[in-house]
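> Chain by chain, the residues run as shown.
Protein chains: 2
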Amino acid sequence: MTSHVDEPGSLATPTRIRSSVFRNKVTSAQAAVEFIHPHDTVAISGFASAGTPKAIIPALADRIHAVRGAGSNFTINLLTGASVSAGTERLLAEVDGISLRMPYQSEPTARRNINSGRMDYVDIHLSHVAQQVWEGYYGNVDVAVVEVAGITESGELVPSASIGNNKTWLDVADKIILEVNSWVPEAMAGIHDIYYGTALPPYRKPIQLTSVEDRIGQPTLKVDPNKVVAVVETDARDSASPLTPPDEISQAIAAHVLDFFEHEVAQGRLPADGLLPLQSGIGNVANAVLQGLDAGPHKGLTCFSEVIQDGMLHLIKHGTVRYASATSLALSEAGIDELVSNIDFYRKHIVLRPQEISNHPEIVRRLGIIAMNGMLEADIYGNVNSTHVMGTKIMNGIGGSGDFARNGYLSMFLSPSTAKGGAISSIVPMVPHVDHTEHDVQVLVTEQGLADLRGLSPRKRSRVVIDKCAHPDYRAMLLDYVDRAEAYPSAGHTPHLLGESLSFHQRFNETGSMLPN
Amino acid sequence: MTSHVDEPGSLATPTRIRSSVFRNKVTSAQAAVEFIHPHDTVAISGFASAGTPKAIIPALADRIHAVRGAGSNFTINLLTGASVSAGTERLLAEVDGISLRMPYQSEPTARRNINSGRMDYVDIHLSHVAQQVWEGYYGNVDVAVVEVAGITESGELVPSASIGNNKTWLDVADKIILEVNSWVPEAMAGIHDIYYGTALPPYRKPIQLTSVEDRIGQPTLKVDPNKVVAVVETDARDSASPLTPPDEISQAIAAHVLDFFEHEVAQGRLPADGLLPLQSGIGNVANAVLQGLDAGPHKGLTCFSEVIQDGMLHLIKHGTVRYASATSLALSEAGIDELVSNIDFYRKHIVLRPQEISNHPEIVRRLGIIAMNGMLEADIYGNVNSTHVMGTKIMNGIGGSGDFARNGYLSMFLSPSTAKGGAISSIVPMVPHVDHTEHDVQVLVTEQGLADLRGLSPRKRSRVVIDKCAHPDYRAMLLDYVDRAEAYPSAGHTPHLLGESLSFHQRFNETGSMLPN
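From first to last, the protein sequence lines stand for chains C and A. Take the first sequence: its position 312, counting from 1, is numbered 312 in the UniProt record's numbering, and each next residue is one higher. Take the second sequence: its position 45, counting from 1, is numbered 45 in the UniProt record's numbering, and each next residue is one higher.
Hints in this document: simulated from the structure, not taken from any laboratory. Heads up, none of these hints are tricks.
Selected chain A positions facing chain C (in silico; Cβ < 7 Å):
| no. | residue |
| --- | --- |
| 1 | G117 |
| 2 | H439 |
| 3 | R459 |
In silico BS3-like cross-links for lysine-lysine, where the CA-CA straight-line distance does not exceed 27 Å:
| no. | chain 1 | residue 1 | chain 2 | residue 2 |
| --- | --- | --- | --- | --- |
| 4 | A | K460 | C | K393 |
| 5 | A | K222 | A | K205 |
| 6 | A | K205 | C | K205 |
| 7 | C | K205 | A | K348 |
| 8 | A | K420 | A | K393 |
| 9 | C | K348 | C | K222 |
| 10 | A | K393 | C | K460 |
C-beta: ideal position from N, C-alpha, C; glycine also.
Using the sequences plus the hints, can you model the full thing?
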């Protein structure tokens, strides 16, 4: 997978490393990882399937494995943009190489290590990562490992297919290892907009971005060459984000969302011309919504999100979407080929930003984002659990959902009404873990329907959520719960029977189903 | 309390109503409330104890009482800034005059009506109110009732001691009733900064406010005179926010906070020169923190908060605080006198803003607010319940705490470790209602100590919270819970025993104490 050059001075062929200062640092991945020491905090590139270092992290996993084989311990703290390539995450998890992981993961081996207590995991809002690391909440960042598409003559870095926190990693790390990946098409240069105006308080200024397509930065990343200890060359594809066609359930959810948009337009609460910028999470439901929009009346839409998936390329090509802003291109193999073959076209319709901008509270609020995120479950009062299966086991993490839900214009959470063949209801009396509170959840959608919670008191919300969103198999149980909870003279603003509020989850833990026998 | 003028044209004495257009609309409170009809949505001024209409709302309560006495129904939907004067809130609640209340209350009769299901209550972030009403989430606003200190020759309004949502109420209401209160010192004119740059998306622009003392608006409120249906004159004091001296518990909490500030300065995470702008909730603990700061090494501090209480005046006078921004002056009788007697001094150190600016996510993030808010309880993983006693009964509401906690630089929650003489622990295994999630809570403080949760996984957090914050009477119970929850091989990222997670609250409901017999 890697092609390293032993004699950097000898390169006669064209190279992505156009600065001799950096050419002189070219080495092998194996040599580069010698700069990483046990207990180091290592910050790497990567957001979703795009931009993870392809050669260096596997070499690091090998090194950790070897050191452990020799009887020594070797763990690092690992900071990323969000999830990274699953293969890479797995390699490090398999060798038990991570003691602390931040801010997001979505890989089964890592998940197992976290849930069994072998790996510490800090699950924070993606918009918080850069500022918290910069502020020193995670101590010193010893090494940054960042994939780039090239190095310019003047020593600036052309980003690859994701930006994530790369700007921050380069700024704060003591030592930097660059992985120059010649697979990334050179024509991708210019799709990026790296904003260098952020600061820690009290030095912050307004971010002068007022529409999705605004460019407020520069196309390259800056780096202090004195901090760069190694440069590794690779020519390796991003791992692909597989794309499955939307199933019936996803299409039903999407249909409710699209109806709702038309209703809001009719009510004068959404602009008929272009709605407002859309944010949607990753996955089947999000893809179904995008596909539905493609068949709908709206053209020239905008998206302001974290990740661009294949569906977005399609929408851009059809003119349904005029402009998409994100921090990562997480595409299938076919999507990667489509992008690369038509990069000059897509560069006019896509911008990739650092995640501190793609998820920034100030921008999310200003642009008036319509936030559509998946969830594990919601309760009858509108509290949402996005992260913890049965309240204890982490699935992935909150990611950017809170960034968009909390400060957006409309905050919607979407899920099939059941999971595990009906054994789990995604509408429950009380969620055993809350990632988005009743104050931040405005609309819930399942294939059953859409619950518009705006302006409703909790006692009104519960009826609407059960009626519109719960699966029929669970509706009577939920209504019975609410009726009995409300029957007490002083049932309270948000009636609950504490002894039963988590009974759906307890029953699932005991019997494998939330349904009674 | 009111002094109304039957023949408005006859006024020879100086008046606060300098525009004849408005003078011609002067009438009695009793006549004014004839413009309010059953089922109207009525938006009134008032934020904490300051700025509630003094004559019109009591007259409205009288009218509702009379209509009900005659056998008809009469309820309104009531929108405010936050809480309003308790006497006023009570009058409307006693006559069952409110069918829907938004966004915050803190009065016992209203609370009782909400908890018994007689009154609908929508408990939302204070920063969301203006935009949600403007967007139409609460339907049409039929009448705005706004207290002002005067009306200028050109027909603009001099605000009184709070601003809250008054700008929005005047903008969106069909009909406007003004209450001109000559008790508000005329010299208060100029303390206000009304920003007219907000918009609904897609027309939002950056708010060019970069420090606490920046003025970005104008000193008066605009109003369309054609919408003004009545003007009522009064001369009535604001109700006073009583101030009790901090007790030992509050002082101990404050001492931990102040130690923490010094620690953060020493670590380079807070500027030694002036820290960062402070936000603190209302109440004894907040006052104790402010008093503690007065005795500390810092001078020239800034505050960016909702409410200015007596303690703040003291700090300003001593130079401890250089500048304070808020939306309301909620003072004791002595505080009101102090302010009024020295208004020319305080006007140079205080600005009152609309609450959409005082609590704006963009500004809170940019300024890097240190958010210090009270809580009812926190769980061992850092989730905070600010609103629901035993998970069901509303206390007050979330108010602005989420605005500051979610987007601030440091998010701290403060509470005594026990309530009700030790029968309630404010540290519990799982909170039965979440207002601030684990992702948004960085520091917990009780009189026992301070738990710094930054960068800690849930399993590490639980130990720190119990060790630092729990009352000794509850520590062993909490540790036992965690030990047993973690003992399962697949206990999960956030270990819980679902059957026991709410047992503290169930025990309290059954026995009157969270402690076992």
